[in-house]
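If you read the sequences in order, they're chains E and F. Position 83, counted from 1, in the first sequence is what my numbering calls 83; the numbers after and before it change by one each time, with no gaps. Position 17, counted from 1, in the second sequence is what my numbering calls 17; the numbers after and before it change by one each time, with no gaps.
It should be emphasised that the hints constitute simulated quantities derived from the structure, not laboratory data. Each hint should be verified, as a subset may be incorrect.
Unchecked claim - List time: in silico BS3-like cross-link candidates among lysine-lysine, alpha-carbon distance up to 30 Å: (1) F:K105 to F:K94; (2) F:K94 to E:K162; (3) E:K162 to F:K103.
Stated by the list, open to error - One-sided and incomplete, this derived list gives chain F residues near chain E with beta-carbon spacing under 7 Å: (4) L20; (5) S60; (6) V79.
The C-beta atom is built at its ideal place from N, Cα and C for all residues, glycine as well.
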Amino acid sequence: MVQYVFYFLTVLALFSACMVVLSRNPIHSVLYLIVTFFCLSGHYLLLNAQFLAVVNIIVYAGAIMVLFLFVIMFLNLRQDVEPPRSLLWRMAALVAGGLLGLVMVAALKQVSMQSPSKEGFDSQVGLVENLGQVLFRDFLVPFELASVLFLVAMVGAVMLGKRDPGEPTI
Amino acid sequence: MQEIIQIVPLNWYILFATVLFSIGVIGVLFRRNALIVLMCVELMLNAVNLLFTAFSAYRSDASGQVFVFFIMVVAAAEVSVGLAIIVMIYRNLKSVNIGLLNKLKW
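Just chain E, with the same shape it has in the complex (with noise of 0.2 Å):
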């Protein structure tokens, strides 16, 4: 059963990744995206890090893809006016990702891992409760660099985002 939800998740994932790449419409391969983000849950949820699941649907398919629609919708950008490059370019795009993605698999095909021993799993693990505890105590310190690195991302965006008084409007 379990195994049926993976290759589930697994070829949904791996198909609304194509179409994001593949889809003329960019409000398409947001949405694509956002499929995308939730298989990745889903993947979250069996692996049992149910903290990480929420927090991507709600990070991830909620703020930023959000983020992503409000930007296509406020520059108008629903059709498509981007030229496509030309063959040979897009030939030499899938033959270097191609050969990335192939050499990577090769070298860790592999590799092997030992199985996880039955009395060392832990299926608490990803729990709020336990990765609060290891945050606030072994993780403290990055914690609040963090915020500090939100402050810097929020006073860039205003900065950028902001127009000289004789500028026109978009």
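Got chain E; can you put chain F on it based on the hints?
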């Protein structure tokens, strides 16, 4: 219900994350729309996130999942600044075609 780590080998997760990452790389090279290039970068980050989570679950170590949390933080900051830059580019060029930004090459 059986745990997934007893049924699905870790290598399948490695394979899946690698293919997802490669699709992201192909997308970055393939498209000219700056927004879709940014989306493909998100796709690559998510492939890495999945691999982190898989290793964390298979080894019962919570540090990997905390790391995924930090990657999400960085991704959110990156997207906010990146989209601000794209809006700025559109305001100046009336286009989001990255082919027009070829002065950045040299």
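Unsatisfied constraints (hint numbers, rising): No numbers; nothing is violated.
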